[in-house]
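These protein sequence lines map, in sequence, to chains A and B. For reference, each letter of the first sequence is one residue, going 93 to 316 in our numbering. For reference, each letter of the second sequence is one residue, going 133 to 208 in our numbering.
Hints in this document: simulated from the structure, not taken from any laboratory. Hints are not guaranteed to be accurate.
Stated by the list, open to error - Partial list, derived from the structure: chain A residues whose beta carbon lies under 10 angstroms from chain B: (1) Gly-125; (2) Ile-130; (3) Phe-133; (4) Met-137; (5) Trp-188; (6) Lys-190; (7) Ser-200; (8) Thr-214; (9) Leu-217; (10) Glu-273; (11) Thr-288; (12) Leu-290; (13) Glu-297; (14) Arg-298; (15) Leu-301; (16) Glu-305.
Every value quoted in this text rests on a predicted model; they were computed, and no experiment measured them. Think of the CB as a built atom: it goes at the ideal place given N, C-alpha and C, for glycine as much as any other residue.
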Amino acid sequence: MTGRLTLLGSSGVLMMLLLTLIFLWVPTDIVLGISQRIFYFHVPMALVAFLAFVVVVVGSIGYLWKKSERMDALAYAAAEIGVLFTTLMLITGMLWAKPVWGVWWTWSPQLTTSLILWFIYTAYLMLRSYAPQGDQGARYGAVMGIIGFVDVPIVYMAAKWWRDVHPEAVVGPLADEGSLEGKMVIAFLVGLLAFTTLFAYLLMERYTLRRQESLVERLRYSHV
Amino acid sequence: MSKRLAALVATLILLTPAMLGSSHTEGEDYLPFLFAVFAVTWMAFFGYAFFMTRKQADLKREIDILRQSIEESEGT
């Protein structure tokens, strides 16, 4: 419990620091103006969504390998939070696109593959809701969780493979050196840390809740 | 009620730097979009936390019902 509160507290402090950096410290981008400040939320949330789907894959493989209910609960919790982060990535992306591109949405490869990612893991959650309880549903979910992950590297590589309006990656292995100014990199890293700690906190909470749900479900069936 | 108030206060605190920063920046046409990004993000996270709290309360209620029902069946 103390660990969770520490995570939540750290996340809150980092968020305040991030907001202060975004509005009072980082320089305004010459080309994009203040709309570029959306970057410090949009990109870290996208990366944390990817991280969530990595956890889904780890949990799913763990479940298929060891038939561990804990791994299944981990995969489910990560998928739900991953969908939340992907939804926010899409919404913040649209709110950035409107002032910069003049449209809320365009069917550019990176946007389209991101939307497909959202559909895949929303479908995963729906499958888990409607599939039979117990081993069968968990097995279907695990297979879908693993196969769905194929889209994650495609989203990341999309701007490189198919040049379009969406800018290329400015962070990670595909980024060009010096594509971000020093202060911008610091603010971005603080943002990444803030959202990662928030993700860790939410994951722990949702994981515990999922375990309790399974327990109640089992008790209900054993009693009836 | 107090949780909602706490969420509202927390949202306002988190949006304060946005409001402070707004007087120092250029391109005021973009401000509503920037404000919307932060508002949507915080609302989504608080909404999700609220959803988890509700789910937790539902589970607790269900556990109480199950416990009561087990006790009754053991008593008969």
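Hints versus structure:
no.	hint	in the structure
1	Gly-125	4 angstroms, holds
2	Ile-130	5 angstroms, holds
3	Phe-133	6 angstroms, holds
4	Met-137	8 angstroms, holds
5	Trp-188	7 angstroms, holds
6	Lys-190	6 angstroms, holds
7	Ser-200	19 angstroms, violated
8	Thr-214	15 angstroms, violated
9	Leu-217	13 angstroms, violated
10	Glu-273	16 angstroms, violated
11	Thr-288	14 angstroms, violated
12	Leu-290	7 angstroms, holds
13	Glu-297	6 angstroms, holds
14	Arg-298	7 angstroms, holds
15	Leu-301	6 angstroms, holds
16	Glu-305	7 angstroms, holds
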